[in-house]
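Chains as they are written, first to last, in our numbering: chain A, 1 to 339; chain B, 1 to 339.
In case anyone wonders, no lab produced these hints; they're calculated from the structure. These numbers come from a predicted model, not from an experiment. Incorrect hints may appear among the rest.
Computed list of lysine to any residue pairs in SDA-like fashion (alpha-carbon distance at most 20 Å, straight line) [claimed, not checked]:
hint, chain 1, residue 1, chain 2, residue 2
1, A, Lys-290, B, Ile-105
2, B, Lys-132, B, Tyr-106
3, B, Lys-270, B, Phe-20
4, B, Lys-290, B, Asn-46
5, B, Lys-186, A, Gln-181
6, B, Lys-186, A, Gln-33
7, B, Lys-127, B, Gly-140
8, B, Lys-290, A, Val-36
9, B, Lys-127, A, Gln-33
10, B, Lys-290, A, Leu-151
11, B, Lys-127, A, Gln-181
12, B, Lys-290, A, Glu-330
13, A, Lys-127, B, Lys-290
14, B, Lys-127, A, Arg-48
15, A, Lys-188, B, Val-35
16, B, Lys-290, A, Glu-124
17, B, Lys-186, B, Pro-43
18, A, Lys-127, A, Val-146
19, B, Lys-310, B, Lys-186
20, B, Lys-290, B, Glu-44
21, A, Lys-127, B, Gln-47
There are 2 protein chains.
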Amino acid sequence: MTTIELPRSQDAMPEGLPTFADVEAAAARIAGQAVVTPLLESPELNQRLGGRILIKPENLQRCGSFKFRGAFNRLSLIPEAIRARGVVAYSSGNHAQGVAASAQIYGVPATIVMPSDAPRVKIENTKAYGAKVVLYDRFGEDRAAVADAILARSGATLVKPYDDLGVIAGQGTCGLEIVRQAEAMKAKLDAVLVCCGGGGLTAGIALAVDALSPATEVFTVEPEGFDDTLRSLETGERMTNRPDARSICDAIVTPSPGELTFALNRRLLKGGLAVSDEEVLRAVAFAFRKLKLVVEPGGAVCLAAVLSGKLPVAGRTIALTLSGGNVDAERMMEALALD
Amino acid sequence: MTTIELPRSQDAMPEGLPTFADVEAAAARIAGQAVVTPLLESPELNQRLGGRILIKPENLQRCGSFKFRGAFNRLSLIPEAIRARGVVAYSSGNHAQGVAASAQIYGVPATIVMPSDAPRVKIENTKAYGAKVVLYDRFGEDRAAVADAILARSGATLVKPYDDLGVIAGQGTCGLEIVRQAEAMKAKLDAVLVCCGGGGLTAGIALAVDALSPATEVFTVEPEGFDDTLRSLETGERMTNRPDARSICDAIVTPSPGELTFALNRRLLKGGLAVSDEEVLRAVAFAFRKLKLVVEPGGAVCLAAVLSGKLPVAGRTIALTLSGGNVDAERMMEALALD
């Protein structure tokens, strides 16, 4: 709930982690396939909060979330003969669509393991990209085990949702754009807020910000009950969420930080915040009414953090991600009915 | 319904019309107040239509529609001592918000005459910008007469919604941005589609396109039953819509083209199209689901024209305006329930 103030660890970086050079290489690979989303500014939001808010709307990204960046970069890194055997992913839906669309572009088969309670729009879109969808019970089955069985049969390549060098580097291209677009707008970024599930987008953005704008602080925002990265930053160890935790932020309800993502995040982040489902729904409604953007709950946590006052922005310049927009109509109505 | 092919009139331009120089001057005046909206591209929309579609999302403009551009430019042109007496406007809601917000920026009073059946979101937002709202019956009262009575009492300045040099020039800044942003994206524009009510946005954009990209064709898109500009282009005279015509496109259900706007449009446009309310609702739903943008019916007519196939886009590069996003939740639900 509170912003923590972590000193940067002085430990050496482990082997096998992506670097900023990987982010730059990813940017070249995804150019022409991914959308260079704009960096938006709303005079009314600025006025309301008394600061300067720069919005990175990854809901406008191909497939409706940032996930296409990492998925396409990862598929590009698989040797062609191996890629031809296909790819497999497990995902609540946004990574699913990113992998399915990337596989379609490369003309290779994709099988996606998705929770049976994922938003319909995500399941339908994943199928529309030509992928085979295998549903599992989010609370009773282990998605990794379901995916493993498929991998063993097919010889396909697993595309992990976040704990992967190529995926993290791909998501980092979002941070590269934020820093460069902010410079073009003559904005000096005090902080960047990132919607955080497994930490892939966060780690990628943090790599880019650390390289290009080291004075800028990076914060995660998570749903209450799924603040594993926040608690892991506090303890210095990867913490796990309670199995009975629930949140409407389906895109980012991961059980614990990734190994690679946390190794980067614990060194590069300034802190983390958590927001309630009601704060998130109010942010979804605000985005609809005032920003005219369709944002899903998991994509609205950063906006919720600034609208709720949990991260003070008065007199500061803050960039924040709206990480996705794949929301069912029913959920949007729930948000718009709040007040 | 069909695209007409008009030769450009060789008549001399009447006196008192804005020129491209007025558009350039307006751009300098609104800089820092209006949002430079991005020019967006959706790989999925391109793939679906087989052409290249560049989307100008004026729903992301300050106050949720392009109207702020013209309103702020117009208010800037009023001498300070006269502006201090206040401004009056009649509007279905988007011009209302643009004038109200501009008056608030200048610290002068605004009175807005609005139809009693305008979307609630537009009435509420107009009040939120500090304006006094006077409601009238759209089908029983003359809004100009209502406004005149207020003007006579107050000494305020009337800010017309479209038939005004300063307003047209301000809306033209949208066209200036479209042409320059398309150039930056290395896109050679075959055509620009503009959502058309009274024709102010169309005339302004046409001025900019004519000056900067004369080979690019400009088309209006109107709701069926309110295709007065299309029919006026065909006959060469300003035609009026039937008083019993109805459309959900509240932002652009004007009775006939403006005098100034039509004088420009008949010389600068290539033709016009009309779309049905159902085609519009499907476009509103497409914008929500695929583009992740909140677009109001009147702002979705151009998208409806390309999605319905009324303007063929295969192999072509087309820019289109999404002119506003001030839609009530109920109308959005109606669109999302269509299929």
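Going down the list of hints, with the structure as the test:
1. A:Lys-290 <-> B:Ile-105: 18 Å, holds
2. B:Lys-132 <-> B:Tyr-106: The hint holds at about 16 Å.
3. B:Lys-270 <-> B:Phe-20: 18 Å, holds
4. B:Lys-290 <-> B:Asn-46: At roughly 12 Å apart (the allowed maximum being 20 Å), B:Asn-46 and B:Lys-290 satisfy the hint.
5. B:Lys-186 <-> A:Gln-181: Distance ~19 Å between B:Lys-186 and A:Gln-181 Cα, so the pair holds.
6. B:Lys-186 <-> A:Gln-33: Within the cut-off at roughly 16 Å; holds.
7. B:Lys-127 <-> B:Gly-140: Roughly 23 Å separates the two Cα atoms, so the pair is violated.
8. B:Lys-290 <-> A:Val-36: 16 Å, holds
9. B:Lys-127 <-> A:Gln-33: 43 Å, violated
10. B:Lys-290 <-> A:Leu-151: Not OK: B:Lys-290 and A:Leu-151 at ~31 Å, beyond 20 Å, violated.
11. B:Lys-127 <-> A:Gln-181: The given pair, whose Cα atoms are some 34 Å apart, is violated under the 20 Å limit.
12. B:Lys-290 <-> A:Glu-330: Measuring from Cα to Cα gives roughly 16 Å; hence the hint holds.
13. A:Lys-127 <-> B:Lys-290: Within the cut-off at roughly 15 Å; holds.
14. B:Lys-127 <-> A:Arg-48: Distance of about 16 Å is within 20 Å: holds.
15. A:Lys-188 <-> B:Val-35: 19 Å, holds
16. B:Lys-290 <-> A:Glu-124: Status holds; Cα separation ~12 Å.
17. B:Lys-186 <-> B:Pro-43: Holds, at about 16 Å.
18. A:Lys-127 <-> A:Val-146: 18 Å, holds
19. B:Lys-310 <-> B:Lys-186: Since the Cα atoms of B:Lys-310 and B:Lys-186 sit roughly 26 Å apart, the hinted pair is violated (cutoff 20 Å).
20. B:Lys-290 <-> B:Glu-44: 8 Å, holds
21. A:Lys-127 <-> B:Gln-47: Satisfied, since the Cα-Cα distance of roughly 17 Å is no more than 20 Å.
Checked against the numbered hints given earlier, this structure breaks hints 7, 9, 10, 11, 19; the rest are met.
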